[in-house]
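So the protein lines, in turn, are chains A and B. Counted the way numbering that gives the first Met the number 0 counts, the first sequence spans residues 0 to 440. Counted the way numbering that gives the first Met the number 0 counts, the second sequence spans residues 0 to 442.
Hints listed in this document are in silico derivations from the structure and should not be mistaken for laboratory results. Keep in mind that the hints are not guaranteed to be accurate.
In the DSBU-like style, the derived pairs of lysine-lysine whose C-alpha atoms are separated by at most 35 Å in a straight line are [what the hints assert, rightly or not]: (1) A/Lys310 / A/Lys204; (2) B/Lys178 / A/Lys434; (3) A/Lys41 / A/Lys189; (4) B/Lys266 / A/Lys434; (5) B/Lys410 / A/Lys424.
None of these values were measured; they are calculated from a predicted model.
So you can see what is in the structure, the chains are spelled out below.
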Amino acid sequence: MMADSGSSEEIAVIGNTDLISDESENNLINTMVERETALLRKMEINVTEAEKRSGKNTVNMQETYTVYLIETRLYNRPAETVPEGGTPAVPDTLWRRYSEFELLRTYLLVTYPYIIIPPLPEKRAEFVWHKLSADNLDPDFVERRRVGLENFLLRVASHPVLSNDKIFFRFLTEEKGWREAVLETGFQDKVDSRLKSLSAMFRVKNPDKRFTALKQYSDELNTVISHLLRVRARVADRLYGVYKVHGNYGRVFSEWSAIEKEMGDGLQSAGHHMDTYAASIDDILEEEEHYADQVKEYLFYTDAVRSVCRKHELSQYDLEMAAQDLAYKKQQKEELATGIVRVFSLKGMTSKLFGQESQEQREIRLAALEQSIQEGEETVKEKNAECQEFVRTAWEDIERFKEQKDKDLREALISYAVVQISMCKKGIQVWSNAKECFSKM
Amino acid sequence: MSVGAPRGLASSGQKPIAEILHPLSATEELLSPGPDVTVTIGGDKEAGLTNGTPVEMSSPASASSLFNRLQLDDDLEADARDPYSSTETRDLFVTVDDPKKHVSTMETYITYRVSTKTTRIEFDLPEYCVRRRYQDFDWLRIKLEDSQPTHLIPPLPEKFVMKGVVDRFSEEFVETRMKALDKFLKRVADHPVLSFNPHLNVFLTAKDLNKRQGLALLSKVGESVRHVAGGYKLRTRPAEFCAMGEYLDTFSQKLGTIDRIAQRILKEQSEYLTELREYGTVYSSWAGSEEELRRPLEGVAGCVTTCSGALEDLSENMSQDFLPVLREYVLYIESMKNVLRKRDQTQAEYEGRLEAAILRKQDDRTPMPAEVEKCQDKAECFNADLKADWDRWQSNKRQDFKQLLTGMADKNINYYDKCQAAWESLITLLQDKQTEDKTSETN
Chain A
0 MMADSGSSEE IAVIGNTDLI SDESENNLIN TMVERETALL RKMEINVTEA
50 EKRSGKNTVN MQETYTVYLI ETRLYNRPAE TVPEGGTPAV PDTLWRRYSE
100 FELLRTYLLV TYPYIIIPPL PEKRAEFVWH KLSADNLDPD FVERRRVGLE
150 NFLLRVASHP VLSNDKIFFR FLTEEKGWRE AVLETGFQDK VDSRLKSLSA
200 MFRVKNPDKR FTALKQYSDE LNTVISHLLR VRARVADRLY GVYKVHGNYG
250 RVFSEWSAIE KEMGDGLQSA GHHMDTYAAS IDDILEEEEH YADQVKEYLF
300 YTDAVRSVCR KHELSQYDLE MAAQDLAYKK QQKEELATGI VRVFSLKGMT
350 SKLFGQESQE QREIRLAALE QSIQEGEETV KEKNAECQEF VRTAWEDIER
400 FKEQKDKDLR EALISYAVVQ ISMCKKGIQV WSNAKECFSK M
Chain B
0 MSVGAPRGLA SSGQKPIAEI LHPLSATEEL LSPGPDVTVT IGGDKEAGLT
50 NGTPVEMSSP ASASSLFNRL QLDDDLEADA RDPYSSTETR DLFVTVDDPK
100 KHVSTMETYI TYRVSTKTTR IEFDLPEYCV RRRYQDFDWL RIKLEDSQPT
150 HLIPPLPEKF VMKGVVDRFS EEFVETRMKA LDKFLKRVAD HPVLSFNPHL
200 NVFLTAKDLN KRQGLALLSK VGESVRHVAG GYKLRTRPAE FCAMGEYLDT
250 FSQKLGTIDR IAQRILKEQS EYLTELREYG TVYSSWAGSE EELRRPLEGV
300 AGCVTTCSGA LEDLSENMSQ DFLPVLREYV LYIESMKNVL RKRDQTQAEY
350 EGRLEAAILR KQDDRTPMPA EVEKCQDKAE CFNADLKADW DRWQSNKRQD
400 FKQLLTGMAD KNINYYDKCQ AAWESLITLL QDKQTEDKTS ETN
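The following block holds chain A by itself, in its conformation from the complex (with noise of 0.2 Å):
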């Protein structure tokens, strides 16, 4: 087997380049860029099924939800050797529902505080047009989520971090018994609930200036993905009617030539070809709404990478205070030592109307303070080793999330250049063909 899973050698699965043709319609366009990571390299992942299950939930009330079927093939098994004649040795596989995937994502979030985690498909159909129903048992929209769940375990799988995670690949592989290992880790202790607080201002001196503007960035990104979505849901609309409306050319087609002699023939193929034209804005639809997914996942992007930055933020206020606080210990014991009072403090206060304390209480009193100080210095130097260590993988991991982000998009943008030519070609052997029967007239 390959040596260690630092390496990260890129295998582009650059799937668009050739496909100008008529097959990428029935090819799934992946462009994710798959990393070769340790895991993907005896591991094959998919996730193949989707399968609605009743049940009671945890309030034990009857409910109706859909499970994933995650299919994995170990590589290089000496089992897995095809017997002669015989059929490839069967996958294991594992269900899991969509609350699965969120709890591992959570996990996830909470155990690599500077990694970028990937996004999980939306929960709810959200940037509908109006032919696509907002419905969860939607056939077309589950299927699509069933896209975006592969999607996201493969993603995870060719993270160079991620990948080597224990419960990662429990989850994998393990469908009894995983939800108990993920509890039994305790992350949700480390969850920091100020985090969950969306309005809180951690008033941070010194942030780091690249963490502020990849914050800005990121909200802007955001903005503008979803003005894209909202625009391309309402365009997609229009276009649909544009086609539809033409499929009544048909049928008044078809009636008129009932009444036409010479004309009748030509105008009739040439209905048929209107009825072709209008059905095909369908599978052209279709086709883009993958590209909306693509972008789709992107704009969920921008929240993991605002959560890091905020994450960034914390430690560096938690670093802030944390030597504010050893600051104040110091200036404390200045003023005992020396007796000047600078701060004012109500011990100062008493002090001075109760007469001053004994040499004793003070010595007791500095002793204390040397030892908050002691113990505040090495505070404030694991909180800086942390912030430190923070904005170093942190940073790495978004240059490989800015690399990722430029190809993915660009290799978006070319698949939905595909699609709009295929919509122009196949609007040209229509109308041609339209043409030829009305010039048969």
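Given chain A's structure and the hints, the job is docking chain B onto it.
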């Protein structure tokens, strides 16, 4: 009056005037061309000599073969009718163009230049150039209807436009109207009977039509008097004319539906265009916050803009070229229905008189009164004219719609061509960048 050496049609020789059949004679053998059917070669580019529709001459049998020959010629030439392809049968060329606005104290109106080129002896000069306004065309049409009640008169574009709703002086409106007037005049000029009407002659040649306006009013009254005086009710319409009537009703209905569909498409396209424009600007603004992705995103914005422009062109074409022709045909159908009704009246009158005469007859030897015979002639003549006109109208209709629908298909193909080209050049741009990146990585 012949210009150049006379060159008659192969099928007809030169005939003395006395032998030439009267246009309205009640025989199957329809008109022959006039004595001096000279070819006017050397088309004036400026006037645009082609008449819009093929001309039918002589009997129905040879008419259809002639038409086939003409049609073949039309098919050989791509879109426009070549003036040289079938000039042997045309000796009267008319064009309407050059709209100009006239402002007077009383009113503002548009006039059009009406140019004529002809070799017919009915005209004193070979060329004419006059200016006419819509009113004058209307006058001509009324005059033709009155003097040729048995024939189908082509329609004019709508007379009244709601002020405030439509701008009567906008370029598009004037352009559309002018094209329709041109078509009207060409159809009249191509008609074997109508083109010899003296009112057409006056319309094409007189410097000043104003004097005649007064008569227009009179003739209108006269027409209605004539209709009322008839008062006979038709018992049964012969089968073939019934079929015509039914056809016209259904056809009119279908055209109405097509009109509504086209309008709906225009509406949807317009709303699509609005969203598309905003869509393009979002990509542009996104490009502003990116580095590596800036050019690709701007590229997409550019493509969307190009497609928007192409769509605009398509929609404009539909509303300016497609819809007006469609609507004009609806008017044409109304005209045809009118002629059918008049035919019914004529038949009714004949049958009525015949019945009355039979009742009054003393015995079998008394001959039919002259007026009954005249009615019979009139009815038979009307039927013959109508049938001939119907055939001509049907084949013209076929040509017109072939051209119209083919044109619509062409415009759509054109639109998709433009869009495809834009997106393809974007892919080249994006993929070039990709290979650039890959080579720089491996280095």
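| query | Is B/Lys266 within 35 Å of A/Lys434, Cα to Cα? | reply | holds, 23 Å
| Is A/Lys310 close enough to A/Lys204, meaning Cα to Cα at most 35 Å? | Holds, because 15 Å separates the two Cα atoms, which is no more than 35 Å.
| message | Just to be careful, I want the Cα atoms of B/Lys178 and A/Lys434 compared with a cutoff of 35 Å; is the pair within it? | response | holds, 24 Å
| query | Does A/Lys189 lie within 35 Å of A/Lys41 when you go C-alpha to C-alpha? | reply | OK: A/Lys41 and A/Lys189 at ~31 Å, within 35 Å.
| Has the given pair, B/Lys410 with A/Lys424, been kept, meaning a C-alpha gap of at most 35 Å? | The hint holds at about 15 Å.
Comparing the model with each earlier hint shows no violations; every hint is respected.
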